[in-house]
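Protein chains in written order, with this note's numbering: chain A, 1 to 263; chain B, 1001 to 1285.
Don't take each hint at face value.
[Unchecked claim] Each computed PhoX-like pair below joins lysine-lysine, with the alpha-carbon atoms no more than 25 Å apart: (1) K1282/B to K1177/B; (2) K1099/B to K1177/B; (3) K4/A to K1099/B; (4) K1282/B to K4/A.
If you're looking for bench data, these hints aren't it; they were derived computationally from the structure.
Because the structure is a prediction, the values reported are computed rather than measured.
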Amino acid sequence: MKNKSLLLYAFAYLAFLYVPVLVLPVFSFNDSQFIAFPLSGFTTRWYGALAGDSAMQHALGNSLKVGIVTALLSTMLGLAAARAVTRYRLRGAGAALGFISLPLFIPDIVLGLSLLMLLGAMGLPLSLAAVVLGHLLVCVPFALTVLIARFEGFDRNLEEASADLGEDGWMTFWRITAPLMLPGIIASLLLTFITSFDEFLVAFFLSGTEATLPIYIWGQLRFPERLPMVLALGAVILAVSVVLVICAEYVRNLGVKDRVVGA
Amino acid sequence: MADNGRNAEGYGLLAPTLVVMGLALAAPLALMAITSLKDQSGIGFGQGWTLDEYGAVLGRASYRLLFLRSVAISAVVTLVTVALAYPMAYFVAFHARRKFFWLVALTIPFWTSYLLRVFAWKIILGFNGVINSGLMRLHLIDQPLGVLLYNPFAVVVTLAHAWAAFAILPIYVSLEKIDRSLLEAASDLGDSALRRFLRITLPLSMPGVIGAAVLIFVPTTGDFVTPSLVGGPAGTMIANLIEVQFNGVGNWPLGAALSLVSMAMVAVIAGLFVASARAAAKAVR
Chain A
1 MKNKSLLLYA FAYLAFLYVP VLVLPVFSFN DSQFIAFPLS GFTTRWYGAL
51 AGDSAMQHAL GNSLKVGIVT ALLSTMLGLA AARAVTRYRL RGAGAALGFI
101 SLPLFIPDIV LGLSLLMLLG AMGLPLSLAA VVLGHLLVCV PFALTVLIAR
151 FEGFDRNLEE ASADLGEDGW MTFWRITAPL MLPGIIASLL LTFITSFDEF
201 LVAFFLSGTE ATLPIYIWGQ LRFPERLPMV LALGAVILAV SVVLVICAEY
251 VRNLGVKDRV VGA
Chain B
1001 MADNGRNAEG YGLLAPTLVV MGLALAAPLA LMAITSLKDQ SGIGFGQGWT
1051 LDEYGAVLGR ASYRLLFLRS VAISAVVTLV TVALAYPMAY FVAFHARRKF
1101 FWLVALTIPF WTSYLLRVFA WKIILGFNGV INSGLMRLHL IDQPLGVLLY
1151 NPFAVVVTLA HAWAAFAILP IYVSLEKIDR SLLEAASDLG DSALRRFLRI
1201 TLPLSMPGVI GAAVLIFVPT TGDFVTPSLV GGPAGTMIAN LIEVQFNGVG
1251 NWPLGAALSL VSMAMVAVIA GLFVASARAA AKAVR
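One chain only, chain A, in its complex shape (with noise of 0.2 Å):
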């Protein structure tokens, strides 16, 4: 009795949490140039007109360049950071694990902020390379919680039988570390990528004239004839993250399945 109206409302949570963003694919089709019921018929259109957006093309070309290196450099500080808090006994690890994470109790606004004041007294341009420093402010943090937990995760007996069978610590890491940090890098690149690719506030104080996609849509959302076409972006850009995010589990469960036969 008590199990079937907690699943009613689980199911009524879903659509709570469905409904709105399948507006997006559902006027993305809709043959008009207003959003509004009823819906007027079937068209493509829109995809087509998206697919010709040259302005469109750049700012994801943008996007993508600062996602990439975003992802990359928070995850390679992350790594280093995340293997000196867990594997040694360092005085002030506490205060410096405190301060990396700051940014998360700090509102986006005055990260974005801070840096275009600083940028400014430099005498330094906004730039796409501004955006990366201000994506690592909001990623980093995110990419140590990740890899922290993974390093906690598995036995470091492995590490020191390694060593005590004679491997330096080069070879340590590349044939017992990183396989078994494997998972926490794939899902701390993932989660910084998506993070900064979404990244808005940041980015559209920093980037100057190169447009992010976010800073993109911005622009777009304020000309209601361009309404349908930055919809069908929503829609393209949910399809895809769904198609990545389930080959990632796909992969994870590969590893997991691996390590059982393994040992």
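Dock chain B against the given chain A, drawing on the hints supplied.
Okay, now just chain B, sitting in the frame of chain A:
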């Protein structure tokens, strides 16, 4: 001695991240603090130091209203989001047969643009939107309702939707960690289901609830996109005011002071909340 060498290695691993964060976080915030003590003169800053900007931030009634409103909206958003997410996370942790399926299903809506998720609510709540046209078709109303969009209510609904995953996942993780034998023991010793929930499950899941609340409260207080798109004049929040100081009227010292005051305010409220929630959880046990 060998230990010192090992420690140096550890500090070496930590150094790059600290340098980057120092450069991108500490230096900009320090500069922001310095700028907030200046005043705007023409396109540059005045020579001396002044607390005028802080006087304006704390003194002007319209600014105080925006601070108050931002905190109030965020607090309601946090409360609503956590309260709605808790039963959902509870269901997945304790009753769902295919947990993995549910977790994926619950996160998929968050894999599209934040801007467009917020914008979708404008379409739903709007004058010709989903709700209005649906109600009109059912002949429940003959004029579209104008009260759905451009107010604090719209901001709360939109943010509660946009940040749902940040509530579900931490709460789920803390519920999942609870040792099931504790629950059996409580039942065996005669606790009713409700009493068992209040004395075991809820206190033990508090870390997840507190984590979720902080993860939602901090960013939503400073949110810019949602009040801009669905807030209207009555739903304007502090981030909108800050943005105008930088992009609109060009008063950087005032913008800096507003930023620092809102940052401090959020930190103090979040800190007080965490401390009192921890104390409350302990008292129940």
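Hints, one by one, checked against the model:
no. : hint               : result
1   : K1282/B to K1177/B : holds (18 Å)
2   : K1099/B to K1177/B : holds (14 Å)
3   : K4/A to K1099/B    : holds (17 Å)
4   : K1282/B to K4/A    : violated (32 Å)
Of the hints listed earlier, the one the structure fails to meet is number 4.
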